[in-house]
Each structure stands twice: as C-alpha cells, then as structure tokens.
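Peer 1: These protein sequences, in sequence, are chains E and F.
The first sequence stops at residue 184 when you use our numbering, and every number in between is there.
The second sequence stops at residue 295 when you use our numbering, and every number in between is there.
Since the hints were derived computationally from the structure, they do not count as laboratory data.
Any given hint could be a false lead.
To be verified - Straight-line alpha carbon distances no greater than 30 Å define the calculated DSS-like cross-link-like pairs of lysine-lysine that follow:
1) F:266 x E:85
2) F:20 x E:168
3) F:236 x E:85
4) E:159 x E:85
5) F:181 x E:85
6) E:159 x F:20
7) F:181 x F:276
8) E:85 x F:188
9) F:266 x F:188
Claimed, not checked - Selected chain F positions facing chain E (in silico; Cβ < 10 Å):
10) 16
11) 27
12) 53
13) 57
14) 74
15) 240
16) 262
Yeah, the Cβ is synthetic: ideal placement off N, Cα and C, and Gly gets one too.
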Amino acid sequence: MSSSVLQRIASGDSAAVRECIDQYGPLVWSIARRFSRTPSDAEDATQEIFLDIWRSASRFDASQGSDKVFIAMIARRRLIDRLRKTSAEPPMDPVEVLETVAWADPGTASETSIEAEQAARALAELRPEQRQVLELGLLHGLSQSEIAARLSMPLGTVKSFMRRGLIKVREFMNVDAEGVLSEG
Amino acid sequence: MSDTRPQGQPDEAMVDLLIKQVTEGLSPAEQRALDVMDSELASAYLRDLERAAAAVTLAGSTGEAPLSAALSARIAQQAAQHFASASHVADLSEARTAAAEKARVHGSPAPGRAKRFGGYGWLAAAACLVLAIFGWERSPPPVPPVAVVTPAPVIVPPARPAPPTAAEERATLLAKTDSLKIPLGATKDPAAAGVTGDVVWDPVTQRGFLHFAGLAPNDPAMHQYQIWIFDAGRDKRYPVDGGVFDVPANSSEVVIPIRASLMVRKPAAFAVTLEKPGGVVVSGREHVVALGATS
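The following block holds chain E by itself, in its conformation from the complex:
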C-alpha cells in the first residue's frame, strides 16, 4: 500500500513536500481566500497553513481520514485563529457580496474525497436555509451572530441549524465508517 503524501513528508521524503504544495495548494488557497478579507491576508494565511502542515505531518493518522480532510482541518483551525485575532476589526459589511458556493454533487464528490462525498450526501438532506447557514459559517468563516444579521434570522435558529447540520454530517461520516468496517 502506498504511503500518503503526509506520511512521506513525516518520514523525510523531500519530494513529497513539493508534491503536497502542488496537490493541495489550490485547496488551501481556496479555503484561505474565502476566510480572508484581502488577497494579501489570504497569502499570509496560506503560508501559515503550510507551515502548520509541515509541523503536523507526523501526527497524521490514515485510519482517521484522508490527507485532504486532515489538511482542510489544519487550514480551518489556522483561519479561525486568525479571524479571532482580527476580531477587533469591524465586522464584514452585512451586504457584502460573498462568492456563491457550488456544492459538490453527491454523485461525483467521491472524486474529491470520500469525506466530501459523505458531507455532500448529508447536505443534500438539509433544507436550503440550513445549507445556507453551514455555507456562511463553514465556508466563509462568518460567526453565528454575523450569519443571523446577514440572514435576518434569530441567533437561536442559526445555532440550531448549524448544530443539526454538523451533527447530520458527522452521523453520515460515522455511519459510513462503521459500514466499511462491518463489510471488512
């Protein structure tokens, strides 16, 4: 069985570093861009995320998920940390236009990763307004209060949608994992 790129980095394979940048750079950049106010902020964030990836590669456990989901987790942690550090800045303009997200089709998302396929299947079962809350919170980095203001929705409803949505995705991922195990 071939090692993942993160496992190769952890074992000291220098070629894997370049491979990781080429393979996952566009993903990290696209996540960073959505969470950042300016391209310059997104560039700084992308560099910080890759530094975190180099530092964390040895902690990657292939039995817990793919390279891709591990890298997305690291990216999200760093970006949330950056958002908290800049929370003194004025919040985003409530009418600011955010790039619309094209969700992966549940039927083809497995080309991206098995986890994206599971999430896409879970998202397909949510109501559009629930999906919108997840989109603004998880893809654009808006706080629950900002989402409530933007959608003119009570904060309690936003919290409830976020909670149910994430729990549903989690259930799909755990159910799938258990299914794979029982098949094996």
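Model the placement of chain F on the given structure of chain E, informed by the hints.
Peer 2: Chain F alone, transformed into the frame defined by chain E:
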C-alpha cells in the same frame, strides 16, 4: 480502526461550545467553561466535529483556483527553511549517538541518509526550485557579451549564527520606538523581598520580556512563577496568561520572554504570581510577587 471512544454523550452545553470552537473559536470565558468539562469526551467529540466541518469545506471547495507561482515559491522556500532547521536539530542528536558507530565504520554513510532531509542539500535544492520558478516566470534580460572570466564560486555552507539570548532580544525590543517599558514593583509577598525589575512590551509584535533582579529561586517541582497581562479591553478578572518560568538558584538577574496566550490589545498592567507547577488558568492571586502598571 479500533474504537477507543469514551462512553457517553456530551450534553447540550458541551456540544454548543464545541460547535462554536469548530466554527468561530471560543472566547477565554467559553474556553474556561469547556476546560472544566469531561476532557476525554470533549476531545473525541471535537475531533468528529472538526472532521465534519472539514468535509463540508471540501464539499464546498469545487473549482479551486491554482496557487500563484510566486506564492508557491515562497511556501517552498519556507518549507526548505523549516526542514533545514528541523534536520539540523535532528542531525545534532543523531551525530552524538552515531559518533561511536562512525569511529568503528570509517567513511560509511548512515543508511537512509540520502532519503532524509539533508540540511544543506535540501536547502540548495529548494533554492534552485525557487530560482527555477522565478526564472520561468520572468525571462532574464539578455546577457551582454563580456570577456571577463570569473572563477567558479566556492560554495561554503552558511555559518549558522548563534540564536540571540533573551537579554539581547530584550535590548533589541527596547530599541524599538513602539515598545513600552514598565517598571515592576515588589509586593509584600515573602518571595518578593528586594525584587526590582521591568517589563518591555511591543504591542505591534505582541512580544515582550520581564527583567528581574532579586527574585527568589523556585523549586519547579513545587511552584512556578506565572506572568499575567491585564488588557484594558478585557474583563480584569481574567488577565491574559503570559507563561510560566523558573528562577534558578544563584541567579542574580533573569530575563524571561513573555508568551501571551491571547492577543493583548491595550496592556494596562503586568503581574507575576507564584502558582502550582505548570501554572493555572485562573489565579487565586494568593502570591503576587511583582506588579507594574502602564500609567
């Protein structure tokens, strides 16, 4: 995959905090509330929620844009520096443990070295990669015809400068126009008798140093000193943790770097307390040994 999950389900309050942590981060008060909950259960559930949030992020990350060549080159360069540094540290310990072996087998390269991040070779390879990327992006200007023959450069591995000491870093910080210098006064605590000192703090880089003379040595197995920063923008009951430190026996003066756990927007005061080993999340303030205010 072996399932080592803790038994039980998190309650609503824990789930709310964990979801907030995964989506937007926690305030210090929320973090403290989470810290007193079942840590094993919280960390297992947090891992699941982080995976779920990452999976949703992947599902919404269709049509990714490529990295610019310049950014890609900067990341490669940063990786080179990171692994050269890591390799240097590894090389030092490896060199010590392998010294006897090398003496026995002269000239034999250590197995597997070619595949490891060789410090300078990897650095040089990455530098070439950076040059190649920039060279590819921007055509070099035409080379004028010259008849001067220059000798091939001798490549000498760069000498690794010794890292600056805390005292040197403090002096550098002190020279910055933005930095603050705040005198620290002793309190009536027995450990504070005869203490003098100051704090140098740079609000821009969020770095700072404590400088003390006369602070009593501590036994790290029993107690440690802990630094606190009171931020005018935060609740003063919960100052920002600035890290723990020890004062060795027979040290007349110490310079301690401050490691603020959170961003300090407007430092109002600095304090040092004596706490249990490893420090505390919220100090009972039984032993305040030094205190200094900005105004």
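Peer 1: List, from low to high, the hint numbers that the structure doesn't satisfy.
Peer 2: 8 and 15
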